Amino acid sequence: MAPPAETLTSRPGMAVAAASSASKVLCIGLLLALAAGFPLLHLYQGGLNYWLHMLLFAYMNIAVASSWNIIGGYAGYISLGHNVFLAVGGYFSGILFAYYGISPFITTPFAGLAAMAVGFVVGMITLRTRGPTFIISTIALVLVTKIALDNWDYIGGANGMSLPLVPLPVDVVKLPFYYGMLLIAIGAVYVSFRIRRSKFGLGLRAISQDEIRAEVAGVPTGLYKILAFAVSGLFVGMAGALWGYYLTFLRPTIFLSILIGAKIVLMTILGGRGTVAGPVVGAALFIGANEFFVSQFGASELNIAATGALLILALLFFPDGIVGTLKHKGRLPKALDWD
Amino acid sequence: MTQLIQILLLGLALGGVYALMASGLTLIFGVMGIVNLAHAAFMTLAAYLALLAFMRYALDPILSIVIVMPAMFVLGLLVYELLFARLFSDARARGMTVLLTFALALVVEGVLGYFFTNIYRSTTPDYTASALLFGPYYLPEGQAYATALSMGILGLLWAFLQYTRTGYAIRATMQNRTAAEVVGVNVGRISMLVFGIGMALAGASGSMMSFLFPFYPGKHWEWVAILLSLVVLGGMGSLLGALIGALVLSVVAAYVSSFYGPTWSPVTFYLALFLILLIRPQGLFGKRPEI
Chain A
55 MAPPAETLTS RPGMAVAAAS SASKVLCIGL LLALAAGFPL LHLYQGGLNY
105 WLHMLLFAYM NIAVASSWNI IGGYAGYISL GHNVFLAVGG YFSGILFAYY
155 GISPFITTPF AGLAAMAVGF VVGMITLRTR GPTFIISTIA LVLVTKIALD
205 NWDYIGGANG MSLPLVPLPV DVVKLPFYYG MLLIAIGAVY VSFRIRRSKF
255 GLGLRAISQD EIRAEVAGVP TGLYKILAFA VSGLFVGMAG ALWGYYLTFL
305 RPTIFLSILI GAKIVLMTIL GGRGTVAGPV VGAALFIGAN EFFVSQFGAS
355 ELNIAATGAL LILALLFFPD GIVGTLKHKG RLPKALDWD
Chain B
4 MTQLIQILLL GLALGGVYAL MASGLTLIFG VMGIVNLAHA AFMTLAAYLA
54 LLAFMRYALD PILSIVIVMP AMFVLGLLVY ELLFARLFSD ARARGMTVLL
104 TFALALVVEG VLGYFFTNIY RSTTPDYTAS ALLFGPYYLP EGQAYATALS
154 MGILGLLWAF LQYTRTGYAI RATMQNRTAA EVVGVNVGRI SMLVFGIGMA
204 LAGASGSMMS FLFPFYPGKH WEWVAILLSL VVLGGMGSLL GALIGALVLS
254 VVAAYVSSFY GPTWSPVTFY LALFLILLIR PQGLFGKRPE I
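These protein sequences, in sequence, are chains A and B.
Read in order, the letters of the first sequence are residues 55 to 393 in the working numbering.
Read in order, the letters of the second sequence are residues 4 to 294 in the working numbering.
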């Protein structure tokens with residue numbers, strides 16, 4: 055019988071943590087209230103569609119980065135192929151919508167489950183390897199999936215498939231997507247938080263420290279890794295399903311470029327790998343900065359080079375990310391310490 | 004039957020070039036434990052250098068190897084000194100080096116894309132348009148030269164590793180880094196040298212790629228996955244393994260390509276990669292993972 059999760063995380067600092075939880079609750083509550091209330095401003099004064107778009111894109115990336123963090127941060131297995139889950143989710147709901155008329159608003163949770171199932175099967179193969187070899191296998195996964203989708207005529211191959219438009223007036227058409235992505239992001243962060251506090255999460259962190267010792271200490275490393283990989287696909291698949299419907303057009307290149315997988319890793323590392331708040335901070339800042347640079351310099355090849363250069367700088371000089379570095383120095387505002 | 008042998012011939016010829024492409028990758032892994040995901044990106048960079056030399060000065064891409072190889076060697080020393088030297092001393096950072104090479108590949112891809120745009124290019128010396136005939140069989144002339152040259156360079160590399168003092172030190176470092184250091188090998192300098200050699204090999208294969216396979220900046224991801232599958236099949240860090248892996252997989256891919264269409268040729272490599280990881284992760288000649 056497993057001991058309750060609380061005893062595993064109780065540390066001498068717990069009392070302090072409890073005292074600080076008020077500011078944390080306040081901070082998170084305020085963020086959520088702002089996020090939930092923002093569309094009201096749009097409905098009241100109008101013309102904020104661009105901001106709705108940016109915010110829902112940020113929520114999607116928060117969900118994806120937080121999910122990636124479960125396998126890449128907690129367990130230390132760097133996956134460069136998490137965008138495959140986006141594609142699985144997008145095409146799962148897209149096919150059901152285009153051929154069977156079932157709205158993605160209904161099928162999104164199932165798209166998440168489908169991505170999770172794919173993650174389980176793929177994880178059983180690729181997680182037999184460690185370190186560099188695992189990273190390679192995730193890149194190969196992206197390439198294989200892309201070729202398979204490019205040549206699958208049923209879904210239009212490389213030309214893609216169009217989905218029926220959303221039957222809503224233009225003023226409110228973004229709102230269901232906005233709230234949907236917000237829910238997915240909240241779900242992803244919450245699951246990431248619960249996993250970090252659980253025995254499962256403790257096992258994953260032990261794996262990232264020293265896998266062999268973790269195994270000797272009784273952590274079922276094989277099962278944990280596969281489960282972590284599968285769970286990290288859940289919300290990514292859901293985000294992909296909703297994103298595909300939002301774009302009303304599915305093409306393999308939308309999801310399956312190496313750059314997308316790289317950006318997922320970059321934003322999580324910038325924010326702080328292995329922390330709960332890190333991916334949220336990283337994704338929000340990265341999406342903002344990326345949008346700024348794209349609007350200034352255009353979405354050119356320089357964007358690829360800059361992504362790479364930023365990743366190099368982060369790895370060499372800032373490997374713990376914003377939240378991680380502040381935490382090590384004891385300077386992290388309590389409101390941001392969500393671990 | 005003639006057709007089957009013809010395909011085998013083409014596959015083997017291609018395999019020879021693949022082996023040269025993969026040699027730098029496996030050498031760097033063998034000595035440093037770094038999977039250099041930027042290897043194919045640097046190969047593409049070398050291909051663009053050859054293209055520049057070909058377009059500006061009408062320099063034959065095979066001849067331009069004489070310039071491209073040393074240039075890439077020096078670039079390799081610089082990259083190693085700037086990026087890998089200090090990461091390497093930190094064991095925890097070792098896991099991050101793959102990401103570092105990944106990021107490096109993105110930088111190279113982006114810069115190349117900025118200067119050369121994303122269209123397919125290739126050099127077109129005269130021999131790309133003709134073929135050599137051997138009885139009922141043929142081999143494209145450029146392919147024949149590239150294969151012969153690749154085998155020549157690999158032979159030189161082998162002789163260097165086998166018969167020189169530095170080569171001896173490199174092999175010692177590959178076998179056991181700590182022990183090599185104990186007996187007086189300067190593993191830091193050896194690592195730097197090997198990184199340079201690996202890049203020079205990428206340079207040579209990039210020059211040949213410029214007339215064998217059309218390329219564009221983003222193409223290198225497909226290449227690096229192909230090269231990794233060869234190296235993983237042969238066993239990471241084994242030169243002989245890379246050669247055998249290259250020959251085996253390129254022949255298989257040649258048959259797949261002729262029976263099912265060229266689209267599925269790269270899939271052969273990716274699926275092989277998954278299968279090898281599933282069945283025998285250390286490959287044919289690889290060391291078992293150390294515990």
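Calculated directly from the structure, the hints in this document are not laboratory data.
Computed from a predicted model, the values in this text were never measured in an experiment.
Hints may be right or wrong, so weigh each one.
[Claimed, not checked] Taking CB as the label site, the calculated pair distances span:
#1 A:Ala171 - B:Ser261: 32 to 42 Å
#2 A:Ile82 - B:Ser261: 56 to 66 Å
#3 A:Ser75 - B:Tyr123: 53 to 63 Å
#4 B:Gly155 - A:Phe247: 54 to 64 Å
#5 A:Ser75 - B:Thr120: 18 to 28 Å
#6 A:His107 - B:Tyr140: 23 to 33 Å
#7 A:Ala76 - B:Val77: 37 to 47 Å
#8 B:Phe118 - A:Phe371: 26 to 36 Å
#9 A:Thr307 - B:Ala88: 31 to 41 Å
#10 A:Asn205 - B:Val255: 17 to 27 Å
[To be verified] What the simulated footprint calls covered on chain B by chain A, stretch by stretch (three residues with Cβ under 8 Å from a Cβ of chain A suffice, anywhere in the stretch; the number is not a length):
#11 225-239
#12 269-278
Glycine is no exception: its CB is placed at the ideal position from the N, C-alpha and C atoms.
Okay, the hints, checked on the actual structure:
1. A:Ala171 - B:Ser261: 32 to 42 Å: Taking Cβ atoms as reference, Ala171 (chain A) and Ser261 (chain B) lie about 35 Å apart, which means the hint holds.
2. A:Ile82 - B:Ser261: 56 to 66 Å: 60 Å, holds
3. A:Ser75 - B:Tyr123: 53 to 63 Å: 58 Å, holds
4. B:Gly155 - A:Phe247: 54 to 64 Å: 59 Å, holds
5. A:Ser75 - B:Thr120: 18 to 28 Å: Roughly 54 Å apart at Cβ, these two residues miss the hinted range, so it is violated.
6. A:His107 - B:Tyr140: 23 to 33 Å: Since His107 (chain A) and Tyr140 (chain B) have Cβ atoms about 59 Å apart, the given range 23 to 33 Å is violated.
7. A:Ala76 - B:Val77: 37 to 47 Å: 59 Å, violated
8. B:Phe118 - A:Phe371: 26 to 36 Å: Cβ of Phe118 (chain B) to Cβ of Phe371 (chain A): about 27 Å, so the range 26 to 36 Å holds.
9. A:Thr307 - B:Ala88: 31 to 41 Å: Holds, at about 37 Å.
10. A:Asn205 - B:Val255: 17 to 27 Å: Given a distance of about 19 Å, which is inside 17 to 27 Å, the answer is holds.
11. 225-239: n = 7 at 8 Å, threshold three: holds.
12. 269-278: Per the Cβ count (6), the hint holds.
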